[in-house]
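These protein sequence lines map, in sequence, to chains A and B. Going by my numbering, the first residue of the first sequence is number 395, and it counts up by one from there. Going by my numbering, the first residue of the second sequence is number 250, and it counts up by one from there.
Quick caveat, the hints were computed from the structure, so don't treat them as lab data. Any given hint could turn out to be false.
[Claimed, not checked] No more than 20 Å apart at the CA atoms, straight line, and that leaves these computed lysine to aspartate or glutamate pairs for EDC-like:
no.	chain 1	residue 1	chain 2	residue 2
1	A	468	A	495
2	A	524	B	432
3	A	468	B	432
[As the list claims (entries may be wrong)] Listed next, the stretches of chain B that the computed footprint assigns to chain A, with coverage defined by at least 3 CB atoms under 8 Å from CB atoms of chain A:
no.	region
4	273–285
5	376–384
Note that the structure is a prediction, hence the values are computed from the model and not measured. All residues carry an ideal CB built from backbone N, CA and C; glycine is no exception.
Here is what each chain is made of, one letter per residue.
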Amino acid sequence: MGFLDIDNATKSYGAVEVLHNVDISVQEGEFLVLVGPSGCGKSTLLNMIAGLEDITSGEISIKGRTMNGVHPSKRNIAMVFQSYALYPNMSVAQNITFGLEMHGTPKAERQAALGKVAKLLQIEPLLDRKPGALSGGQRQRVAMGRALVRDPDVFLFDEPLSNLDAKLRVDMRTEIKKLHQTLGTTIVYVTHDQIEAMTLSTRIAVMNGGYVQQLGTPKEIYDDPANLFVAAFMGSPSMNLLPATVRVADGRVAAEVDAPGGPVSLALTRGADALRARDGRRIVLGIRPEAITDPDGADRGSNALERIEARIDVVEPSGADTFVTLALGGRDCIARLRADADVRAGETVPLTVNMEKATAFDPDTEMRIG
Amino acid sequence: MAAASSDTAIRTGRVARAGIYLFLLLFALFYLLPLFVMGANSLKPLGEITGGNMMALPSDWTIAPWLSAWSTAQIGVEPTGLRPYFWNSIKMVVPAVAIATVLGALNGYVLTKWSFRGDKVFYGLMLFSCFIPFQMVLIPMARVLGLAGIAGTTSGLVLVHVVYGIGFATLYFRNYYAAFPTELVRAAQIDGAGFFQIFWRIMLPSSGPIVVVCVIWLFTNIWNDFLFGASFADADSQPMTVALNNLVQSSTGVKEYNVHFAGAILAALPTLLVYVVAGRYFVRGLMAGSVKG
Ligand SMILES: Nc1ncnc2c1ncn2[C@@H]1O[C@H](COP(=O)(O)OP(=O)(O)OP(=O)(O)O)[C@@H](O)[C@H]1O
Ligand SMILES: [Mg+2]
Chain A
395 MGFLDIDNAT KSYGAVEVLH NVDISVQEGE FLVLVGPSGC GKSTLLNMIA
445 GLEDITSGEI SIKGRTMNGV HPSKRNIAMV FQSYALYPNM SVAQNITFGL
495 EMHGTPKAER QAALGKVAKL LQIEPLLDRK PGALSGGQRQ RVAMGRALVR
545 DPDVFLFDEP LSNLDAKLRV DMRTEIKKLH QTLGTTIVYV THDQIEAMTL
595 STRIAVMNGG YVQQLGTPKE IYDDPANLFV AAFMGSPSMN LLPATVRVAD
645 GRVAAEVDAP GGPVSLALTR GADALRARDG RRIVLGIRPE AITDPDGADR
695 GSNALERIEA RIDVVEPSGA DTFVTLALGG RDCIARLRAD ADVRAGETVP
745 LTVNMEKATA FDPDTEMRIG
Chain B
250 MAAASSDTAI RTGRVARAGI YLFLLLFALF YLLPLFVMGA NSLKPLGEIT
300 GGNMMALPSD WTIAPWLSAW STAQIGVEPT GLRPYFWNSI KMVVPAVAIA
350 TVLGALNGYV LTKWSFRGDK VFYGLMLFSC FIPFQMVLIP MARVLGLAGI
400 AGTTSGLVLV HVVYGIGFAT LYFRNYYAAF PTELVRAAQI DGAGFFQIFW
450 RIMLPSSGPI VVVCVIWLFT NIWNDFLFGA SFADADSQPM TVALNNLVQS
500 STGVKEYNVH FAGAILAALP TLLVYVVAGR YFVRGLMAGS VKG
């Protein structure tokens, strides 16, 4: 029993079911991020928690109290919208205190609460302005102030940063994280940006097509993706998914990957027991770009480093790292080398693959093996 | 080369612009001509009109025709001038416009933000009411007014105009509110505002331009209406338009054209005033739905 429980929740519009049996339990103080591609049902789920959309079947409860049929204003939640949804005709101060006013809070208390929130968010000089006279970042702050002032049980954020430019987005991301750490509130946060999901959350629910594909800590999601969708969706550049064949010889389980210079054999460590039974069968081998490095840049703590030779097709320096594209497994495979790695397109260079970070998937069920 | 060609572009631009202004000026004069004729002739003694030129300025300026039209001219059988009927019109127009606008705004709010099963059909029917010819409802409306016991009263006229006005008012507000962000309504719901609180505190304060459009539209239409006024009003509730007709049609004595001109201007003044005061917002409001950033 968590703080916020989503129990077998389903949502249909007419005959179309857009959310299928969602089960998530959020603990007090958690920062849960719902992430997924456009149209996967993130906003719908958030709106169901808020009470803005009915729940077709199942139950949502907060602090053990069922929320089915409870009006949004009686759930003790607050929501920050993508467009900020600031009331255009009211000043910043009125925007922030409107909810308190509607809940019958006396004026003196409203002013005190306003002062506290304005100080916390550093928007004191803006209180008399109308939203139209604010910058995007300031609007964002006011929208958060409006949510904070109510002191709700659960904060709901629907893509709050997607309207900001890249730099401001990073700043506000840090601010939201700080806010969460200071206040320790329970947050459900929707985004389609997997970096936001990784950096902010204590747990992530990856959604696709109305299903929760995987629910776990950022590390679990990143290192042990439950299926091919999660593997491909999380991480940038995304995980290399190479077709391979399992070969078992002398007790060694290896994945054989096609390469221009003849097949490359990579010893499998993770899920080796489950893979042993699949001798000769096809798998999809998932290797993150940072697990393929130049030999000097390899992770020294790993016990499963494999050396390969590969031809480099494209070199893309990004400043902090150099990304290179290799021909491996019949498709482009991205490797992350150190920034000053001395490589040129067309060369064949030695590389190290950290097989401790490699994951095998069943190509038919798309699920992780082992 | 580039400099020379841009120079010619500017020069031809100037010529074209001068042409356009000339053209506009001619048209403005053409449209102002009737107003000039009315204004000039309403300020002459009657003799100057009957014995002279309609287009000439008065040689002997007088405001007597205006005073007569306002307070002493023969309307039907009573020598009251247009004054009492002016007030009748005001008493009819103001409540009718206010009620139709508020109801139209409420309809628009419900149709866009509280959609229900069959709301499209409902909206379609509301629109349909805009296109029903006035003549068609005369008899049913007379019956309704009779049954309600408000036949021949100002209240009856208000009802008629509200019924007709709601269709257009709903059309305006629905289209305006369709572009109004639904997230604002949701935010207000979470903040704990109820149906009417959202309407009064969030929607209406942001509806300025469309309220102006709606008020101008309804005001001019209701003020200028003749058919309903002539059909449903008693002698003591007749609006300005009907009284003006009676003034002009009075069969007794000579035709006082100068008084008629003054009366006609008096009857048109309120709508003119509304346009002058609110015209800027009218254009802005009409554009609001289409070019909102
Ligand atoms: N009123 C509706 N009637 C029918 N289908 C709807 C309705 N509202 C949403 N949907 C569908 O439900 C699905 C989920 O929509 P939702 O808005 O939750 O997506 P999302 O994950 O928030 O996407 P985005 O990242 O684009 O905001 C979509 O496929 C959408 O087409
Ligand atoms: Mg969404």
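Hint check:
1. For the proposed pair residue 468 (chain A) and residue 495 (chain A), the alpha carbon gap of about 14 Å is at most 20 Å, so the pair holds.
2. Distance restraint check for residue 524 (chain A) and residue 432 (chain B): the Cα-Cα separation of roughly 18 Å lies within the 20 Å cut-off, and the hinted pair is therefore satisfied.
3. Only pairs whose Cα atoms come within 20 Å are accepted, and residue 468 (chain A) paired with residue 432 (chain B) is accepted, the gap being roughly 18 Å.
4. Residues of the region 273–285 of chain B lying with their CB closer than 8 Å to a CB of chain A number 0, which falls below the three-residue condition for coverage.
5. Counting residues of the region 376–384 of chain B whose CB lies closer than 8 Å to any CB of chain A gives 0, so the stated coverage by that chain is violated, three being the minimum.
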